[in-house]
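Asks: Top line first, the protein sequences correspond to chains A and B.
Everything in the first sequence is counted per numbering that gives the first Met the number 0, starting at 0 for the first residue and increasing by one.
Everything in the second sequence is counted per numbering that gives the first Met the number 0, starting at 0 for the first residue and increasing by one.
It is possible that part of the hints are untrue.
Distance condition first, Cα-Cα at most 30 Å in a straight line; then the derived BS3-like pairs of lysine-lysine [what the hints assert, rightly or not]:
hint, chain 1, residue 1, chain 2, residue 2
1, A, Lys730, B, Lys78
2, A, Lys456, B, Lys131
3, B, Lys153, A, Lys743
4, A, Lys730, B, Lys126
5, A, Lys731, B, Lys138
Honestly, the hints are just simulated from the structure, not real lab data.
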Amino acid sequence: MLNHHMQLAWYYFTQEYRQPHQRLLRWVQAILMVFIVTLSLSSNTIQQYLQGNLQNLLGADAVLTQKNKLTTDQFTSLTNSSDNVVTTMQISATLTFDDKWQRSKLKAVGSDYPLQGKLLTSSSLQSPPTVTIGGPTVGSIWLDSRLFASLTISMGDAISIGEQAFIVSRVLVHEPDRLMEGHNVAMRAIINVDDMEKLAFPTDLIQYRYLITASKPQIQQLIVWQQAHLPAAKIHHKNGSHPLASFWQRTENFLGLTSIILFFMAAIAIEQIAQVHLKKEQYFSAICMSLGASKVTGLQLSLLKWLINIMLLIPVVAILSGFFHWLIIGWLSESFTEISWQLELWLTVKTIATCTLLFAVFHSPVWLSLWQTSVAKLFNQNQKTISLAFIKLCALVVLILVAVKYSDNGLLTLMLVGSISITITLMIAISWAVLSLGEKATQQFSGLIPFSLFMMKQRLLSKSTQILGIGLSTFLLLFTLMLLNDLGNTMVSYQRTHDGNVMVSQASQSQMTAIEQWAQEHDISLRQTKPYFYAKVVKINNQTLSEFTQKPSDSLATLSNAIRLHWSETLPKNNSLVQGFWWQKETKNWQQISLEEEVMTDLGLSLGDKLTFIIHQQSHTFTITASHAYKPGAGSITFWVQMPQTAVQHINAPHYNMASLELNEGQWPLLSQLWEDYPTIRMVSLQELTKQFDNILTMITKVISGFAVMIILLAIIVILSSINALEDKEKKKNSVIMSFGFLKSTCLQLNVIEWLITALIIAIGAIAGTYLTGTLIYQSQFSLSYQPDLFILIITLAIILTTVTLLGVYASRHSLKSSVKQLMADV
Amino acid sequence: MTCSIELKNVSQSFGNNSSGSLGHKKSTSANMANKNKAATITLFKNLDLTINQGQSYAITGPSGAGKSSLLMLLSGLEKPTSGQGNFINDNQLSTLDTLRSDIGFIFQQFHLLPELTALHNVALPLKLRGDKHAISKAKHWLEKVGLSDRAGHKPSQLSGGEQQRVAIARALVFSPKFIFADEPTGNLDQHNAKEISDILFACCQENNAGLIIVTHSNAMARKAQHIYSLAGGELTKTPSIHVTEKQKVTKYLSTEEQQVASC
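All chains should be modelled from the sequences, with the hints used to inform the complete structure.
Replies: Okay, structure coming up:
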């Protein structure tokens, strides 16, 4: 029997194959499936790649840092709340070779290092870096290139730390966990963890860093545990406040959100097409049933026809998606050599299955109506039953559940679903208000506008699907574009327009002049220069540091050594004022300073406190009049202590400078020439780090732009399918109007007015929905503050009005190809 | 002041690529084959016909003879291949294009807008013309066709006969000078067909509208003052029953029906 039905279904499927409604549904299903499968495949590859890159930049999901070694109990608790833990130690130490010495960050790692990402080392300064697993062996040391230069050391030489000698065995190029240490320009060296024990440094100088692999919930668990048991320790984590980490979080959320939006738009498009499909299917079933077939047969045939359609689409979709995935990866690999295409069969199958399930859910009203109806009812095509509305509601619930399941951010999905619900309610309310009040207000007037309002009000129910369909996709499009724009702006603020890939941490005035000349000669971009004195805090409020505070802190440890004292007339662009007042330009009161917020907190200082500095063997006392904090977006060179520019005239001390330079690939060899001429310039190359950061930003920009294009395309499909759904009705309406003695031009005018009113409702609804969604989602999910601009809103309103009206009038041009003759022919 | 429509020496032919008659006839493969054989199909040749306002006309004939095409020519919706069509209003001669705002149509499929109630369907042409009393006039017309109690119902809730009554009210509500009806009872049973044709004739007569009906029904055709038969490209006038207008309208009706059909 099934075989017989299958043959019948195949026969009718081939008969209907070229019918417009089948063709349109097939196109929409195919396009959406290709979209969604390509999207899933590409975003999966990208996420894997980004994950790998992020690991290379962060080195761990979380890092716990503290002064003392964890006790066995604490370590057990840590391992219980994580998947893997690697212990590293770090200390500032002086390395000596012959008569030369150099302070550097000395890191001790074991064979289990690195935890995530790639440790890059090379066998000589000229050799290319290779991926290395595990740290140096006992008795060996790896130095970064600057240490080689500053100590004029060669591979195989013995270096002294304390009283122990270490053989220099490799050049340290990149440590994956470096970024989690924060801004740090110290030279770097790595030894084995066992050697660190032997060196027996005072334990309070050693910083223990535990690199941790953990999931998001585990990280949360760790934070709670650290706050309860290790309040002095610090946790840096991937989801934390680190600029790159928060940026990653935003990108992940954006990708998730876009996928959900695509699902919803797909649903709207299918729903619109299903309206046409419903009538055709009912008619087909009616014919079958009138020829003696049972209700079940009609339903089975409908199911089988639908299945045949999907089964024939799947191979095409799989091949096309694989091809587009390959194209996208090929395009991305131009910038990222490591990214590669792989056949992801399981993900393809899973995504196609999800899509098929969704299509089935959205087609279910057709099957339900076939099941519920009789021949007579079928001929009446009276499908507006309560249970049909119920099944549509169920379909919506299923879609939401799938979206929640598909997205790994349930809260974001629910927020979006909430926003969509609010927008739907808003649009219904606006439609009702505009049409009812408009119709009432224009009742006393004659003309086409009152008539259009009257007609739309009368057809409110059928028109509302179109308004909601287009309105929702406009809302989603608007929100995505707005988010794209804001995210783009945020990305620009992260871009290194101020920071270069070479950081000069100390250059005297003469050296700085030489750098400037050198940069000018070779067309190298000198991005920032900031002057400073070396100054050492000796007293706070006339008390020595040790008298003032006994509480150990990073700030206190740093202030124990000479710090950089910067001067500036105005508040630097990468700083924000936290408290107090910044000094006036050319102020005579030069003995005032602004202190970094964290230092103020660490040392328990407040405005009005006095700090005495020794600057070039002279004592100067300053009053704290302001406190500042670092603000990203205008360069990363910032100072803990800043004073007015006028103070420089009163202090006799050598000037130094910090600077940043941007070198392109060809300019790197020129750096050694500068170093040879001025060996004491302290410079650090951030090439590896910045390159990866730049790559990620470039790729994310491309990905987000690609997603936006997909959403725009899908929005157009939705608009076209919603117009197509009502085309027959519109055609009939125009023919009837013409039968009253009106011309086609009247129908066109009515059409334009109707689309203008529709666009107005859509625009108001979409803008209001976007505003609400922005308020709801921006801060919590993207750490962005939502500040709508009235001018932009008005421009958006005008653009939506024009685009929807033009697109609507253009797409409904077929409905204007109507005539009284067609009504007569319609038998 | 009466108006009239005049067709003089009119011929209608169709080439290979155009649809010979109306849509429902164009899709048969036989037709296509015939078309391919002959380069041109001539529906009728050198035809003369005058239609006067206030009079009723029936056009009968076999399927495919060109009845509906003749209706399209008379209403000015199509141009003849040769010959001339005029609209004579107060002895002023003009083309049939100027007739557009003075005519109404009634279709076999009713073609009511499904989203609108019966009342709003009838009010539609008045609303379009900016008539402030559209609703009250529409109510009045629904009363005339005996559907005042169905004003709030949508077409899907009305029977075929009721839908056609609404369509008649809609076609006449804006007082057109001529009504063109293409098989207005083609979709109705005998009883309903009779009732509808009575109402249609009565209403047109009361409104002094010229009525031009294309029909296969002899019973309906017999109610017209002028009966024409179109066959083999020839239009011939058939003798009609000469009765007084009042008699003609009411002769087939029962007392109860007369009330409705009095319009």
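Asks: Now, for every hint given, state plainly whether the structure supports it.
Replies: Hints, verified against the model:
With a C-alpha separation of about 23 Å, the suggested pairing of lysine 730 of chain A with lysine 78 of chain B holds against the 30 Å cut-off. Between lysine 456 of chain A and lysine 131 of chain B the alpha-carbon distance is near 17 Å, which keeps this suggested pair within the 30 Å criterion. In summary, the hint linking lysine 153 of chain B to lysine 743 of chain A is supported, as the alpha carbons are separated by about 27 Å, within the 30 Å threshold. Taking the CA atoms of lysine 730 of chain A and lysine 126 of chain B, the gap is about 19 Å. The hint holds against a cut of 30 Å.
Taking the CA atoms of lysine 731 of chain A and lysine 138 of chain B, the gap is near 24 Å; set against the 30 Å cutoff, the hint holds.
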